[in-house]
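Engineer: Here are the chains, one letter per residue:
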Amino acid sequence: MTLLDWLIALPALGALVVPMMALPPENQRLIRYFGIAISLVELGIAIGMAVAFKLHTSSYQFVTKVHWIGAFGIDWYLGADGISLVLVLLTAVLFTIAMFAMKGVKDYRAYVGWMLLLEAACMGSFTALDLFLFFVFFELTLVPSYFLISDFGLGASGRAAIKFFVYTFAGSAFLLVGIVSLVFIHDHQTGHLTFSLPALMHTRLPKDTAILLFLAFAAAFAVKTPIFPFHTWSPDTYRSAPIPAVVILAGVMAKLGAYGLIRFNLELFPATSRELAWLMMTLGVAGILYGAIVAAGERDLGRMVAYSSLSHMGFIVLGIFAFSAEALSGSTLQMVNHGIYTAAIFLLLGMIYERRGTLDMKKLGGLQKKAPMFAAVFILVVMGMIGLPGLNGFVGEFLILIGTFITHRWWAVVAVLGVVLGAIYLLWAYQRVFHGELKDDRGFRDLAPREALLLLPLVALIVFLGVYPMPLLARINPTTSAIVHHVATAPALGSSTVSSIVTGGTK
Amino acid sequence: MFGTLVSQLPIRLPAISYQAIAPEMILFGAALVVLALSATIGRREHPELYRGIGLLAALGEGAWSANLLRLVDKHGASLAIAGAIANDGFSAVVGIIVAAALVLTMLIGPGFVRSVAGQGPEFVTLLLISATGAIVMAQADDLIVIFLGLEILSIALYIMVGFRLRDGLSREAAFKYFILGGFSSAVFLYGVALVYGATGSTNLLKIGSFLSTHVLINNGVLLFGLALILVGFGFKISAVPFHVWSPDVYQGAPTSVTGYMAAMAKIAAFAALLRVLTVAFHLQLQYWRPIIIALALLSLVFGAVFALRQREIKRMLAYSSINHAGFILLGVLAATSGGIRDSLFYLGAYSVMVIGTFGLISMIQVDTGKTEGSLSLTDVRGLGQRRPAMAILLAILVLAQAGAPFTSGFIAKFSVITAVIAVNEYWIAVVAMIAAAIAVAFYLRLVLALFARDENKVGAGDALYPVPVRGGSDAGFLQPSRASQVPVWIGIWLSVAATVFFGVFPSLLLNLVGKGKIFF
Amino acid sequence: MVVLGLVIGFPLLGFLVLLAFGKRMGDPGAGWFGTIAVASSFVAAIATWIVLLTKHGSNRTQVLHLFRWFQAGGLRVDVSFRADPLSIVMILFVTGVSAVIHLYSIGYMKRDARFHQFFIYLNLFVFSMLVLVTANNLPLTFLGWEGVGACSYWLISFWFERPTAASAGKKAFIINRIGDMGFLLGTFLVFFNLHSVSYSKVLPEAHQLSSGTAEAIALLFFLAAAGKSAQLPLFTWLLDAMEGPTPVSALIHAATMVTAGVYLMARLSPILALAHAASMTIAIIGVITAFVAAMAATSQTDIKKIVAFSTVSQLGYMMLGIGTGAYIAAIFLMVTHAFYKALIFLSSGSVIHSLDSEQSIRRMGALAKLMPITAWTMIIAWLSIAGVPPFSGFFSKGSVLEDAFGRNELLWVVGVVTALLTAYYMGRLVFVVFYGNARWQEVTHGHDPHESPRIMTIPLIVLAVAAATAGLLNLPYSGLRFLHNWLAPVFGSALVTYHLSSSEKILLPATDAVVALLGIFLAWRLWRRHSERKALEPAVLFKGWYIDTFYDRTFARGGTALAKFSDRVVDPTIVDGAVGGIAWLFRWVGGLGKRVQSGLVRSYLLIMVAGIVVLLAYVLLSAAR
Amino acid sequence: MTIPGSWYLVVAALLFGLGTFGVLTRRNVIVMFMSVELMLNAVNLTFVTYARMLNDVGGQIAVFFVLVVAAAEVVVGLGIIVAIFRHRATVTVDDISSLKG
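Protein chains in written order, with our numbering: chain A, 621 to 1127; chain B, 692 to 1211; chain C, 2 to 626; chain D, 1242 to 1342.
Because the hints were derived from the structure by calculation, they are not lab data.
Please note: incorrect hints may appear among the correct ones.
As the list claims (entries may be wrong) - So, partial list: chain A residues that the calculated Cβ filter (under 7 Å) puts toward chain C:
{"#": "1", "residue": "V914"}
{"#": "2", "residue": "A916"}
{"#": "3", "residue": "E918"}
{"#": "4", "residue": "T978"}
{"#": "5", "residue": "L1008"}
{"#": "6", "residue": "A1043"}
{"#": "7", "residue": "L1047"}
Glycine included, every Cβ here is placed at the ideal spot set by N, Cα and C.
Same shape as in the complex, but just chain A (with noise of 0.2 Å):
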């Protein structure tokens, strides 16, 4: 059992574990230090794990393969390489970080139980290199996040939960779909049924066949992300899940698109990739651009907010598909920024609903007056998000700008207007919520000591991957160096028919 399978197996075990425990409502708090403790533990493995990560080669480390299904092929292969370990890494800090923000539930049982699934799903899917593992982790992230989403949700929380998991799960049609034809294809040429993605990687594909293929992965990751046009839940899910649920939803899950872009998009079809960057990024310049006026426009926060990850997001595609070191490196450090600060964001809002029952900004005003504290805190979680320099938005945006200025120039200049959009829409509504009048006569409590020792490692982590980025980046650098070689000199496809592959050419 290596760290990976440890990495997983925990969390999954702990959610078995969890229902079992009846415990009288008195010291249901022990299921929930139960739950803290396996977070705490998964952030010390993974931590053990970039402390033993090997910095200077791009090869998959800490490997596991062991057969599962043999009539398909399919093994239970897990690895790690520079992204997946930076994933893992915010996905253990978050899990932690939500656990502890988890209060006021009578029964935490199923709270916990199904937090601890997510983990364990969240973890598989970023770790695995079995396209069936991944695909089960990547549906199993949704069962989770539904009952999550809508046992104890708010309001029309079941609705915006059915919505989620029907959307993302017919993306994944496709995606399964792609993945079984692939393996067949593959199967056709070299006579080795297998599921795993260095196998996989080697196939020859015809152009059109490629296209479909790669359009078939991305539909899935693209609900994920999400991508501009398919962003419509995100906004009713964020909004209507509780806090806890939407820190894992909107900073680990999110990331679970994008990962999959590069890990199998940009690895298993380099050709179409470079045929079709044109399209994915102007979907993604579109989602930077589109984002920020709709969040502009919004009266509920936790909706804007919704609507400003949307445009965040639409950056890192941006940068996945520029294919240029700096661009790619900026998207995976941004991926990590984004669930820092994006978490941090939504516990603050989660703050201001407890005290004031609402996110409508028309109802909310002048509370710096009554919290500055709690309105430094948010400010400075705004400034990260707007792309200060010296905060942790900066570093990744800087990045993937400059990469895909090298590369696609004219897209990198209207993404930068993307950067003044976030600057209006994230001061306005700071504007529209703690300056001016207090309009509500209720106070507004100032930060208690428990809310601020929750911000405190999100808040420090937004200063510090502000200021010395470098221990991520050493680890992310070779593995986008060795993925955009592995695109750039991938060969250009023939357009031969779908029949050569039935016939299998020579390996």
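With the hints as your guide, set chains B, C and D onto chain A.
Structural biologist: Coordinates of chains B, C and D only, in the frame set by chain A:
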């Protein structure tokens, strides 16, 4: 011993290898024993005894089929009873699946039906007889024998559907099922007659060899016959457009009967369909594959879409069963050995799930006191608080039907999709998965209703942090109120355990099903 | 070069300590601590200057490398600071003026509810400004650049209870951000062509750039400078920035931050040298901004608005200097301007302070006798900004005008006219505020305004001395050109020196002096007794040529409309509608299904027979084929 | 002169069509049931005709199976019909439509 006795008789009997038809004999024998016993010791006294015998018979049949499978592995397949019965891996595996379905139903069914329709042995007998019919259909290598098996199964089901005597809905369902069943059997039979006319034999093997050696000038009659046979099968597996009976019958019939019927009818019909298409009409592939594709796509899409607006759970599950039929048809249309294996896997996984699901629904009906016919979503609302255990188990089974990962449902859907893609039918796979996505919507609405907090009692407070959830009744799994609950819970736990186990370690079932090759 | 680290370290240390213990230090304590931090940074700056003085020639540029900030692909960005003559000049006058203003604000911000927070932002501002001027690569400069922008945002909206202050802060940040787009794109273009962003590599190799790219880079960075130094397209935020406390206006919106744009242009002089067309446009925009702002300043009634417009105008002059290649003249003007403009702001601040924060000049008057020190320091600043000979303004503005004359006569003409206007509107301010009849009775409810406390007047005196004597730094045509030979090695070939004929050398300064005195005389004649003259204060000028209202109507209101439209209409109906539409279609077909299930057995049979017929028809067709 | 087999087939097909039409149109349950039996007998006729044409005994054996099954169906069918219409005056099939939607 029996063989030698018979051989003295003047009549010349065909060489009967009792080994091959042992499964039918075990079940049918048990049915007779139960009837005889009830006649001698009075109908009402020992209902448990009948269930015991039924259970024993089911287990015996399963063990025998497994033994048959081992023999086939060792000595290869063989024909029995003058070519009427095929004793190959396929029939053995279907035998095992029938046994599994029968065991679960024996555990779950009788408890509820007894509270509704008296203590008599009738229910157990009918179960055993219908199972015999199913096995006959699966093993049959002759169209007429398939018809025979079909009728044994169907007539037993007609009666079981109408079992709740004092309830109008049940009688109406039985009638509808009977009339439409009778009609479709007639159509099926006419098809058999036409095929007989075109090829000169009703034996699948002879038809296959005839068609491979002769080229028919106008194969109109043959194709008409084949089409009508497909209609007969289409009705039985409730594929769209021949599905119209199933929503009403699923709702009207007693819940555990519905579960059994959904499973057994599909097992038998698909087994026979697979054998007919593979053995007899493997050369007419380009004619019947488009029909099967049409049936599959219609069932997939309309099965999912029509369920969206359903408020009554059993009707909703009827449409979901149509959707599942569509998925299994994918395996059939692949017409490869992989396709057969995947269809069998789907059949196995599906029947275990569906019997468990309907078992749980009958438990809920008893719990909510709505024993007559319909059980709507509002009745189920907030079950998560009152009966957390029941709600969680039903949620697992429903999610398995939706295809959630780490359940056999997921592996089933995945394997059938691989079967279709292996024959380059990419677009069908995409439509199938989209239909699955639509289906997820109404599965989730059911799960949501289970766990939603009762609006009236707790009031869905507008707090982002969940309003303190009212504690459910004690988390005790077993309501020890009535002894008859114990086997039901065992049955349900077995089906849930099997669903999750084969989801995580599917290779066991995949290898078993892999042996189910149609030899002839 | 550890002493350079100290220069930057002290304000950072001050910021951190105040952040942690500011509240406990209380009213004056936090202020004094902030001032000491900045003052010690000033001392360290002088020490760095002395260290550099001992060296000469090319090795006057020392680089202090701390650690690698971030690195990916070909891009390597370090946290490294550069001490060369240009940055030394900047850090000297930035820390000097900041120390003085810190001292002043202790008095000005007395008894303010959030006294210590004010000094937290001030120290952070000084730190960011120092990082900006000493950074050794473009991204680190950008860190300083955005840092000062953020601090100005916090300081402008310091009294956030007032909605106007809050939106002014937001407006400033956003308009700066628009400028920063130019900065980013410029950086990318530099990296694209020279494969590095560090000055020590980019500046020496700047000559490899093709002229087209150089033009583009220059214009992009000018866009950033225009945003920060409030030039024509993006200057409106400076007017609203007056909502902030007066020391803020003095420090940030007069002396330091606004000069960042000029510094950046000076730093990138090697690139500008290649971009002739771009330099010309910079010069033209500069002089036009100067003229337009000066005209607008003539008819403002709010004392701080007048000074703000005057700042925009003086910055226009500096950009004129940059555009014509006279970098040293521009920096000389920047330094002297920092002194007298800060002085003007602080003295108007002490006037406002004593008149219980009344800012309109219509309710001031005859304050000279009551507030002698403020009056006299204001008069010194007025004389130097107007360009009256012995004072520093005469020399610095004079050298800029001389170089402008060398480049293109028309620029000089507009420059001189603006100089006249400058003298006039400052004169108007002084006469209306300090002389004429007193109009502050109802403002101060009867008791006479008294002179500001010593803690506020000492900085005034210090700045007055500096404003008066700063001219010595760079006396033209004489041996005493310290600034010139101090900065010359930094600019090297980029510096353009214009050779005027001997007659012009005398004529030009003379015209400057005459124009200055004429402006003063005009102001004296018109505003000696009047406080309001409708003819001379037209609405178009009062409203700042309606530029701000135009921006507000098109961008602000238009933008909100677009945002509201896309949020309320586009997203829900079109994007979500598409998804909702498909879901609705499925539900509608589902509804159809319900109707099919009519419950009638015979209709079921009909459906089945229909199915059979279709099947048979298909089989018939396929059999025929 | 012997009537060619195809004639019988046509008659059988007509009978089958008549049966189907009868099931569709007639409202009386018993008559519908009768029509189903008619369809079965049409099939029997087809079987016998083919058996004669192919002179193979298989067809005739099949007829016996069909007869047996038809008998079983009659028993069960009438049982159900009696159960439903015991409390109703008429025997029209359209009354029983409470299971719908």
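Engineer: Could you run down the list of hints and mark each one as holding or not?
Structural biologist: We went through each hint and held it up to the structure:
1. V914: holds (5 Å)
2. A916: holds (4 Å)
3. E918: For E918/A, the interface hint holds, since the closest Cβ of chain C sits about 5 Å away, which is under 7 Å.
4. T978: violated (18 Å)
5. L1008: Constraint on L1008/A satisfied, holds at 5 Å.
6. A1043: holds (5 Å)
7. L1047: Holds, because the Cβ-Cβ distance from L1047/A to chain C comes to roughly 5 Å (cut-off 7 Å).
Going through the hint list in order, the structure does not satisfy hint 4, though it satisfies all others.
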